[in-house]
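There are 2 protein chains.
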Amino acid sequence: MNKLILFALPGNETMAARLATELSAPTGELEARRFPDGESYVRYHADVAGRDVVLVCSLDRPDAKAVALYFAACVARELGAASVGLVLPYLAYMRQDAVFKPGEGVTARHFARWLSGCADWLVTVDPHLHRIARLDEVYSIPTRVVQAAPAIAAWVRDHVVRPVIVGPDAESEQWVAEVARAAGCPHEVLRKVRHGDREVEVSVPDAAALAGYTPVLVDDIASTARTMVAAAGHLNAAQLAPPVCIAVHPIFAGDGLDALRAAGVAQVVSCDTIAHPTNGIELAAPLAAAVRELLPTR
Amino acid sequence: MNKLILFALPGNETMAARLATELSAPTGELEARRFPDGESYVRYHADVAGRDVVLVCSLDRPDAKAVALYFAACVARELGAASVGLVLPYLAYMRQDAVFKPGEGVTARHFARWLSGCADWLVTVDPHLHRIARLDEVYSIPTRVVQAAPAIAAWVRDHVVRPVIVGPDAESEQWVAEVARAAGCPHEVLRKVRHGDREVEVSVPDAAALAGYTPVLVDDIASTARTMVAAAGHLNAAQLAPPVCIAVHPIFAGDGLDALRAAGVAQVVSCDTIAHPTNGIELAAPLAAAVRELLPTR
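Chains A and B are the protein sequences, given in the same order. First residue of the first sequence? That's 0 in numbering that gives the first Met the number 0, and the numbers climb one at a time after it. First residue of the second sequence? That's 0 in numbering that gives the first Met the number 0, and the numbers climb one at a time after it.
Rather than coming from a laboratory, the hints here were simulated on the basis of the structure.
Pairwise CB distance ranges, derived in the manner of DEER restraints:
(1) PRO141(B) to TYR40(A): 23 to 31 Å
(2) ARG190(A) to THR13(B): 41 to 49 Å
(3) GLU136(B) to GLY49(A): 22 to 30 Å
(4) HIS129(A) to THR20(B): 40 to 48 Å
(5) PRO295(A) to ALA153(B): 55 to 63 Å
If the Cβ cut is set under 10 Å, some of the chain B residues that face chain A in the computed set are:
(6) LEU29
(7) ARG33
(8) PRO35
(9) GLU38
(10) SER39
(11) VAL47
(12) ALA72
(13) ALA75
(14) GLN95
(15) PRO101
(16) ARG108
(17) ARG112
(18) CYS117
(19) SER222
(20) THR223
Derived, one-sided and incomplete: chain A residues facing chain B with beta-carbon distance under 10 Å:
(21) ARG60
(22) ARG76
(23) TYR92
(24) PRO101
(25) GLY104
(26) ARG108
(27) TRP113
Values in this document were obtained by computation on a predicted structure and should not be read as measured data. Beta carbons are placed, not taken as given, at the ideal position from N, Cα and C, and that holds for glycine.
The shape of chain A in the complex, shown without the other chains (with noise of 0.2 Å):
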């Protein structure tokens, strides 16, 4: 363990300080940048030879990050690393998960192969586990999935008076209840339609059922955050209080986050998987479990 040394790709810088002082270990720096021409650039500016090296870097946004992230993995074996582990609080490419039109392939096999082939293990934070149900069935190297629930569900217990955990869809249905029930507290979900990349339906809830409760919104991915947006409009339109707005994965893309704070909501939450201004709930100590679990032990 004594071995183990911790490097942020650029925006990582404060998840792999909190991880580095979880596992009473050090941060090393990497300089990641580009080119005039575009091309990425890597380079330890500490020894790795030898050593555990840990890659922290989450995924959001993915492509240009993801090259970053395979050169660093590749250089770190090239240098000589004992090992080289990601931390990607955000996993990317997760959504695309099945053939939905013909011409169409499943894009999260393929992201997974190619990760896969550059680092010894991998850990990361609610994926988007759908049609695939387990990241083992397309990473091919060992992984361990944190769950946000019990950090979600501590920061609601703290932080929210007579809260009732609502979802946005059914397939969060499970998810919700989870966190509900950590927290203590009665969970409802919404029904929801998808029309393309950005349109969505949302149908009405029981509204008696959350009548004197404070909602607390609680959804995996906030990308254009429409759905949360829709699911926002609509308690309010229901005369129920403001709800807190909670996203696991604070991608936020576009207006998304505006879009949200102008629905009327009491407060936007984020996990602090990807860095972002709404962070609130911090998840280096689960992280920091998971990573020990899979270091090599010698």
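Add chain B to chain A, keeping to what the hints say.
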């Protein structure tokens, strides 16, 4: 050969159409776009099962393009393509061909391993082969390199009166000599010293030997174009005729082209390895010949 079908990644439609004409083969539509969260999406709108698929994609500003290309290749295989070949008129990451400073890696090698894992063969134009002497040192799939020199020489013969081919540095000497030989004209080589990514100093050539000629500055990669700008400035200072500038790979990062045009040059012309307004020298014919050599024979 009648099973062949070509697809352009975005921005490569012109080259794909020219190659298709040369190869008497159809092009198909490949939908390649981005989801709002920044993930790549690819979908074939033509049947690829049992066909020899050729993907055309120049890899300037490479990271996001390379991910889309990787997915397109993987999905073609997933959909049952008989073979998947890559025509990459500009091949990325060949300049990171050595460890220049401690903590770096040979990224060219890692990029090559990635691409080699998703396709059956690769064709490119004049890759930067310096410390890596041949593509097959790093690519594990069959490759063919198309030389731009004959097409450049033909263009010079047709368009320039009393040309002298001028190379921007010692590295270019062999290549510049080849263009000059094919064009039936003399050549001259400048000497350069590089400081960092953008700063380049160029030494004085034998100006007397160039008097009365039209200098034709030729370089393989015009990225920031600072090498060519410095060379053009130097030729002007020596009171030679305004040079014609020819780039094999017109990346023109940032204000590269503006800077070159401001340097008192007569004309800027490029090979069509990267779609660019300066394109004037077509390479579809030699690229098609290279593709024919690599296609599976049945």
